[in-house]
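J.: The lines below spell out each chain.
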Amino acid sequence: MTSESKPYSGDNADGAPLPAGGPNPPRAPEPETTAAPAASAAPAGESLARDAWRRLSQNRAAMASLALLIAIILVCIAGPWFLPWGLAEVDWNAFGTGPTLENAHFLGTDANGRDLLTRVLYGGRVSLSVALVASFVSLVIGVLYGAISGYLGGRVDNLMMRFVDIMYSLPFMFLVILLMVVFGRNIFLIYAAIGAVEWLDMARIVRGQTLALKRREFIEAAHALGVRDTKIVTRHLIPNAIGPVIIYVTLTVPKVILLESFLSFLGLGVQEPLTSWGVLISEGVDMMESAPWMLLVPSFFLAATLFCLNFLGDGLRDALDPRTR
Amino acid sequence: MTQPLLDVDKLSVTFQLPTGPVTAVKDVSFSIAEGETLALVGESGSGKSVTSTAAMRLLPELAKTTGAIRFNGENLLEVSAKRMRRVRGNDISMIFQEPMTSLNPLHRIGRQIGEVLVKHKGLKGDANRRRVLELLNQVGIPEPERRFSSYPYELSGGQRQRVMIAMALACEPKLLIADEPTTALDVTVQAQILDLLKSLQTQYGMAILFITHDLSIVRHFADHVAVMRQGEVVESGRTVEVFDAPQHDYTRMLLDAIPRGRKVPAPADAPVMLSARDVKVRFTTKRRLFGGNDHFEAVRGIDLTVRRGETLGIVGESGSGKSTLGRALLRLLKSEGDIRFEETDLAPLDKSGMRPLRSKLQVVFQDPFGSLSPRMTVGDIISEGLKVHRPEMNRRQREAEVIAALEEVALDPGMRNRYPHEFSGGQRQRIAIARALILKPELLLLDEPTSALDRSVQVRVIDLLRDLQAKYGLTYLFISHDLSVVRALSDDVLVMKEGRVIEQGPVETIFTSPKEPYTQALLKAAFLEEEVAA
Amino acid sequence: MLIYTLKRLLQAIPTLLIVITISFFLMRVAPGGPFDGERQLPPEIEANLEAAYHLDEPLPMQYLRYMGNLLHGDFGPSFKYKDFSVTELIMQGFPVSLEIGGLAILLALIIGLPLGIAAAIKRNSTVDYLVMGTALTGIAVPNFVLAPIFALVFGVLLAWLPAGGWNGGALPNLVLPVVALSIQQIAYIARMMRASMIEVLGSHFIRTARAKGLNEGEVIFRHAIRTALLPVMSYLGPAIAGIITGSVVIEQIFGIPGIGRYFVQGALNRDYTLVMGTVVFYGVLIVLMNLIVDLLYSALDPQIRYDD
Numbered sequence: 001m002t003s004e005s006k007p008y009s010g011d012n013a014d015g016a017p018l019p020a021g022g023p024n025p026p027r028a029p030e031p032e033t034t035a036a037p038a039a040s041a042a043p044a045g046e047s048l049a050r051d052a053w054r055r056l057s058q059n060r061a062a063m064a065s066l067a068l069l070i071a072i073i074l075v076c077i078a079g080p081w082f083l084p085w086g087l088a089e090v091d092w093n094a095f096g097t098g099p100t101l102e103n104a105h106f107l108g109t110d111a112n113g114r115d116l117l118t119r120v121l122y123g124g125r126v127s128l129s130v131a132l133v134a135s136f137v138s139l140v141i142g143v144l145y146g147a148i149s150g151y152l153g154g155r156v157d158n159l160m161m162r163f164v165d166i167m168y169s170l171p172f173m174f175l176v177i178l179l180m181v182v183f184g185r186n187i188f189l190i191y192a193a194i195g196a197v198e199w200l201d202m203a204r205i206v207r208g209q210t211l212a213l214k215r216r217e218f219i220e221a222a223h224a225l226g227v228r229d230t231k232i233v234t235r236h237l238i239p240n241a242i243g244p245v246i247i248y249v250t251l252t253v254p255k256v257i258l259l260e261s262f263l264s265f266l267g268l269g270v271q272e273p274l275t276s277w278g279v280l281i282s283e284g285v286d287m288m289e290s291a292p293w294m295l296l297v298p299s300f301f302l303a304a305t306l307f308c309l310n311f312l313g314d315g316l317r318d319a320l321d322p323r324t325r
Numbered sequence: 001m002t003q004p005l006l007d008v009d010k011l012s013v014t015f016q017l018p019t020g021p022v023t024a025v026k027d028v029s030f031s032i033a034e035g036e037t038l039a040l041v042g043e044s045g046s047g048k049s050v051t052s053t054a055a056m057r058l059l060p061e062l063a064k065t066t067g068a069i070r071f072n073g074e075n076l077l078e079v080s081a082k083r084m085r086r087v088r089g090n091d092i093s094m095i096f097q098e099p100m101t102s103l104n105p106l107h108r109i110g111r112q113i114g115e116v117l118v119k120h121k122g123l124k125g126d127a128n129r130r131r132v133l134e135l136l137n138q139v140g141i142p143e144p145e146r147r148f149s150s151y152p153y154e155l156s157g158g159q160r161q162r163v164m165i166a167m168a169l170a171c172e173p174k175l176l177i178a179d180e181p182t183t184a185l186d187v188t189v190q191a192q193i194l195d196l197l198k199s200l201q202t203q204y205g206m207a208i209l210f211i212t213h214d215l216s217i218v219r220h221f222a223d224h225v226a227v228m229r230q231g232e233v234v235e236s237g238r239t240v241e242v243f244d245a246p247q248h249d250y251t252r253m254l255l256d257a258i259p260r261g262r263k264v265p266a267p268a269d270a271p272v273m274l275s276a277r278d279v280k281v282r283f284t285t286k287r288r289l290f291g292g293n294d295h296f297e298a299v300r301g302i303d304l305t306v307r308r309g310e311t312l313g314i315v316g317e318s319g320s321g322k323s324t325l326g327r328a329l330l331r332l333l334k335s336e337g338d339i340r341f342e343e344t345d346l347a348p349l350d351k352s353g354m355r356p357l358r359s360k361l362q363v364v365f366q367d368p369f370g371s372l373s374p375r376m377t378v379g380d381i382i383s384e385g386l387k388v389h390r391p392e393m394n395r396r397q398r399e400a401e402v403i404a405a406l407e408e409v410a411l412d413p414g415m416r417n418r419y420p421h422e423f424s425g426g427q428r429q430r431i432a433i434a435r436a437l438i439l440k441p442e443l444l445l446l447d448e449p450t451s452a453l454d455r456s457v458q459v460r461v462i463d464l465l466r467d468l469q470a471k472y473g474l475t476y477l478f479i480s481h482d483l484s485v486v487r488a489l490s491d492d493v494l495v496m497k498e499g500r501v502i503e504q505g506p507v508e509t510i511f512t513s514p515k516e517p518y519t520q521a522l523l524k525a526a527f528l529e530e531e532v533a534a
Numbered sequence: 001m002l003i004y005t006l007k008r009l010l011q012a013i014p015t016l017l018i019v020i021t022i023s024f025f026l027m028r029v030a031p032g033g034p035f036d037g038e039r040q041l042p043p044e045i046e047a048n049l050e051a052a053y054h055l056d057e058p059l060p061m062q063y064l065r066y067m068g069n070l071l072h073g074d075f076g077p078s079f080k081y082k083d084f085s086v087t088e089l090i091m092q093g094f095p096v097s098l099e100i101g102g103l104a105i106l107l108a109l110i111i112g113l114p115l116g117i118a119a120a121i122k123r124n125s126t127v128d129y130l131v132m133g134t135a136l137t138g139i140a141v142p143n144f145v146l147a148p149i150f151a152l153v154f155g156v157l158l159a160w161l162p163a164g165g166w167n168g169g170a171l172p173n174l175v176l177p178v179v180a181l182s183i184q185q186i187a188y189i190a191r192m193m194r195a196s197m198i199e200v201l202g203s204h205f206i207r208t209a210r211a212k213g214l215n216e217g218e219v220i221f222r223h224a225i226r227t228a229l230l231p232v233m234s235y236l237g238p239a240i241a242g243i244i245t246g247s248v249v250i251e252q253i254f255g256i257p258g259i260g261r262y263f264v265q266g267a268l269n270r271d272y273t274l275v276m277g278t279v280v281f282y283g284v285l286i287v288l289m290n291l292i293v294d295l296l297y298s299a300l301d302p303q304i305r306y307d308d
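Chains as they are written, first to last, in full-length UniProt numbering: chain A, 1 to 325; chain B, 1 to 534; chain C, 1 to 308.
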């Protein structure tokens with residue numbers, strides 16, 4: 001057999017998932033040894049990541065959410081460049097007008113004559129950046145903390161987790177508010193404060209994963225091969241723990257957005273001239289009776305984003321959860 | 001002939017899955033007379049459990065059934081749901097494979113058994129309690145009065161299965177369906193449960209439909225047998241006749257799928273490969289922040305010696321410490337005592353000190369689904385050891401080695417870029433063997449390498465292990481609870497219980513004239529007598 | 001059980017110490033003080049005020065003094081509401097907050113649990129999609145958006161219910177804030193209950209129950225629901241914390257004189273003692289609630305033993 005090594009020659013393997021369901025799901029008969037066909041080129045198999053993507057792409061609700069989410073993000077990033085109005089620019093001819101094509105106030109103006117669409121898009125940038133940065137902060141802290149605790153195990157693990165327990169029972173929301181009051185409403189502080197609140201769940205999840213994986217036989221097999229600890233962590237532990245982490249991140253992002261808008265709503269979030277969806281909603285509430293669009297427009301953007309993220313999170317969980325395999 | 005008690009007539013079951021219909025059972029027919037036992041035998045995926053579940057009409061809604069299942073002449077597939085509920089638990093009852101999870105964890109034992117009596121017999125209050133206690137007594141639960149108000153978690157697996165049996169017998173059913181009732185239990189417990197079922201069968205005069213993959217149980221237990229394969233019955237008849245003169249190739253193959261032969265002994269003057277003295281392993285069961293920890297001693301002082309080319313079989317039930325011992329010998333776990341490999345004392349070596357030796361000491365684990373990283377290709381999995389121990393090799397050389405290793409275990413080298421989830425259990429176990437083999441090890445720890453596999457697959461993996469041992473003069477530490485496999489593969493046997501060695505010696509001595517009562521009980525429970533006689 | 005309860009209470013002490021310490025020092029390093037009014041006070045008066053509130057002492061002394069007072073249940077005087085002590089303010093606000101919070105959690109359970117159970121039983125049916133779609137909307141629309149919309153629609157446009165105010169806790173004034181506060185928790189509880197029920201309905205002991213000849217009602221009510229409740233029970237702790245947090249905005253929006261409003265006002269006014277008092281009070285509350293939830297959990301699950 002001439003063996004020309006072409007590791008990634010073919011694509012697409014028929015890795016049809018085993019049908020699940022029933023008390024004893026029917027299974028295809030098990031082929032024992034495979035009679036070697038003439039093929040010497042090795043076709044690539046379907047990795048779990050690709051398999052998960054395929055399942056996700058079959059989930060219409062999740063894909064629609066993903067598309068809408070990308071659209072919202074793109075519009076928030078690029079939109080303000082195409083709009084004639086600036087963030088704090090006042091149109092002296094339009095105070096609190098409703099949506100109109102005149103002067104390009106597509107979604108109306110606020111009580112100070114500032115274009116609402118422009119402000120919502122700028123606010124979206126802030127809300128989304130908080131979501132991104134704070135989730136990332138929580139991801140980094142949570143993954144490191146959880147992985148160290150789980151991998152080291154024993155007494156260290158015990159102490160680290162007891163600390164997490166104590167943190168859990170703190171009225172965190174109120175401490176964050178306290179932090180905002182004390183240090184002023186600084187966007188970087190929001191990033192850090194929210195990130196510092198949200199890492200606890202992530203740490204628990206990653207620790208649980210690490211503990212479970214540590215007991216798996218393929219990790220033991222790697223030890224038996226003499227693979228170094230660092231390699232075991234990078235080649236075996238992390239790739240296998242990544243699924244639940246991804247799922248959890250998609251669930252953290254909406255929580256972070258919500259937290260930020262909650263703070264902003266109370267007047268404890270970002271400050272003028274910056275704005276965010278929470279600030280705009282809060283302004284909208286004040287003007288609710290005379291200018292309802294000021295409440296509805298930012299609310300719609302916030303709700304749509306949260307909706308999409310939740311749908312996407314659910315879809316990812318279904319696609320990555322090994323139990324549905 | 002009188003009307004049979006249960007008559008399954010051309011039963012087919014099709015699951016309407018999102019990926020398309022899958023037929024799990026095709027035109028299956030068999031019948032059971034009153035008081036008799038029929039065994040439905042087959043490997044995983046043969047449709048035997050689906051068939052029995054269909055008889056109780058407990059299949060999920062996406063299953064479509066055709067044909068007929070007549071119980072006393074009444075077609076159960078056509079009766080109303082209400083009528084069917086009168087049959088379940090009253091005329092036909094069922095026990096399952098999973099004793100640990102089949103009882104409601106939040107209800108007391110007495111209540112769970114009593115519930116059937118309330119439902120079908122209207123038995124309440126004191127009368128109910130008396131009957132439940134009587135049943136608990138009959139199924140051999142000690143202290144029934146106390147157990148009456150126990151929760152399932154307070155009972156062992158064997159006891160839970162007894163409770164399930166008590167529940168099933170409460171209304172004196174005419175037919176008991178037992179779906180692999182002993183598979184999850186240790187062999188000695190398994191034998192007790194089978195004895196219990198048999199004596200209760202005579203007492204109550206009920207018929208039993210017994211679903212199992214284990215042919216040795218069938219031989220002892222069933223009057224009739226039906227062999228299933230891929231959803232079809234390929235052969236059926238009286239057990240004695242089917243076993244003595246199997247007609248179908250598949251039946252013959254199944255019957256042959258018992259590891260036969262004995263190992264050619266290694267020369268007596270072969271050098272000692274591995275020796276251990278007074279090995280102890282302790283686990284911390286509870287950690288306290290302050291003060292001492294609680295410990296559990298899993299291995300309590302074990303001595304052993306293995307010579308080059310030998311196989312040492314380590315036998316024991318779950319919790320005996322056999323796997324822990326194996327891991328300790330390879331220094332995958334911390335232990336006390338001396339362990340010497342060839343000339344080297346392993347005890348003082350740390351991780352990096354052990355590393356050069358790792359290529360000589362390899363391991364194959366039990367679970368073919370857990371022992372391969374799901375995120376790596378088969379080629380990467382197999383070649384990982386080369387990256388550690390043969391760093392001078394380039395990618396092309398490693399690839400060539402992988403191909404050779406795959407061919408060695410009779411797998412298509414063209415599959416090397418696929419991922420583990422695309423392979424069957426037997427194939428995965430071959431991949432695990434290839435991963436160990438590629439390093440050209442001298443000693444292989446085989447920790448229940450075949451227990452998770454179907455019998456026919458198991459035999460082929462064993463043949464492979466045997467061939468490899470002969471070809472490369474490998475030394476095996478073979479850990480198993482399966483005595484027939486151990487017997488076919490080992491030179492010496494070590495019987496373990498609760499972390500200690502109960503009995504130790506050459507394989508034939510242990511199997512033909514065991515001295516310790518525990519070893520005798522183990523052997524009896526494993527139904528090896530006729531093989532011994534043969 | 002009693003020992004376990006005491007132990008848990010003891011464990012709560014370091015948690016509360018951390019809360020008190022963090023909030024104490026945070027407030028003290030804050031720029032600006034309680035007397036930064038519109039008008040600059042003369043220095044002597046400010047010094048007098050500081051002396052009266054012991055703000056002129058070194059920090060550790062202030063800390064110890066505060067801790068000592070706390071032990072007597074004395075949160076100190078409010079800086080802004082000059083005639084009231086913080087304890088008085090909290091005691092005034094707490095019954096109000098307790099009423100809407102308690103009603104909200106009750107409503108969340110009464111509505112959320114049956115919805116989740118129904119969706120699980122009728123899995124993949126119209127009922128299921130309807131319930132889960134609504135639940136997702138409930139999660140996606142935050143209460144500070146819902147509450148003003150409720151107030152606008154039912155309070156102003158339809159004028160069925162008062163759009164705000166407390167009115168001594170009259171029933172019509174309770175409806176909107178309680179509903180707005182509970183909607184998100186209804187959604188979470190329904191989703192959790194559904195997932196938990198689906199898992200339980202697929203488990204082996206449910207198969208056993210069916211094999212006994214029980215009807216679906218008996219299977220679900222006698223066997224499935226109690227087991228499925230366990231994970232939802234352990235969510236109750238976070239749910240209560242969520243309700244407490246939510247009550248801060250709800251009280252703000254509907255103008256309800258609960259502690260949430262004092263907290264926000266205090267935070268915006270730098271009323272040190274008031275903010276600290278409320279944070280400590282919330283800390284104690286959350287710790288106590290978690291303990292009660294755990295004890296409740298043990299009543300449902302016989303397998304939990306309290307020997308460690």
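In case anyone wonders, no lab produced these hints; they're calculated from the structure.
All values reported here derive from a predicted model rather than from experimental measurement.
Backbone N, C-alpha and C define an ideal beta-carbon position, used for all residues, glycine too.
Heads up, some of the hints might be wrong.
What the hints assert, rightly or not - Here's a subset of chain B near chain A, in silico, CB distances under 7 Å, partners left out:
no.	residue
1	73
2	201
3	204
4	360
5	367
6	372
7	385
8	388
9	390
10	391
11	393
12	419
J.: The structure should be examined with respect to each hint, and the outcome stated for every one.
T.: Each hint tested on the structure:
At a threshold of 7 Å, the smallest CB-CB gap from residue 73 of chain B to chain A is about 27 Å, leaving the interface hint violated. Hint status for residue 201 of chain B relative to chain A: violated, with the closest Cβ pair at about 24 Å, above 7 Å. A distance limit of 7 Å between C-beta atoms decides the matter here; for residue 204 of chain B the minimum to chain A is near 26 Å, and the interface restraint is violated. The beta carbon of residue 360 of chain B comes no nearer than 10 Å to any beta carbon in chain A, farther than 7 Å, and the hint placing it at the interface is violated.
Contact between residue 367 of chain B and chain A, as hinted, is supported at the beta carbon level, the nearest pair being about 6 Å apart and thus within 7 Å. The beta carbon of residue 372 of chain B comes within 6 Å of a beta carbon in chain A, closer than 7 Å, and the hint placing it at the interface holds. Because the closest C-beta pair between residue 385 of chain B and chain A is about 4 Å apart, less than 7 Å, the hint holds. With a least beta-carbon distance of about 5 Å to chain A, the hint placing residue 388 of chain B at the interface is held under the 7 Å criterion.
Contact between residue 390 of chain B and chain A, as hinted, is not supported at the beta carbon level, the nearest pair being about 12 Å apart and thus beyond 7 Å. Contact between residue 391 of chain B and chain A, as hinted, is not supported at the beta carbon level, the nearest pair being about 12 Å apart and thus beyond 7 Å. About 13 Å separates the beta-carbon of residue 393 of chain B from the nearest beta-carbon of chain A, more than 7 Å, and the hint is not met. Checking residue 419 of chain B against chain A by beta carbon gives a least distance of about 5 Å; that is within 7 Å, so the hint holds.
Violation of the numbered hints given earlier is confined to hints 1, 2, 3, 4, 9, 10, 11; the remaining hints are satisfied by the structure.
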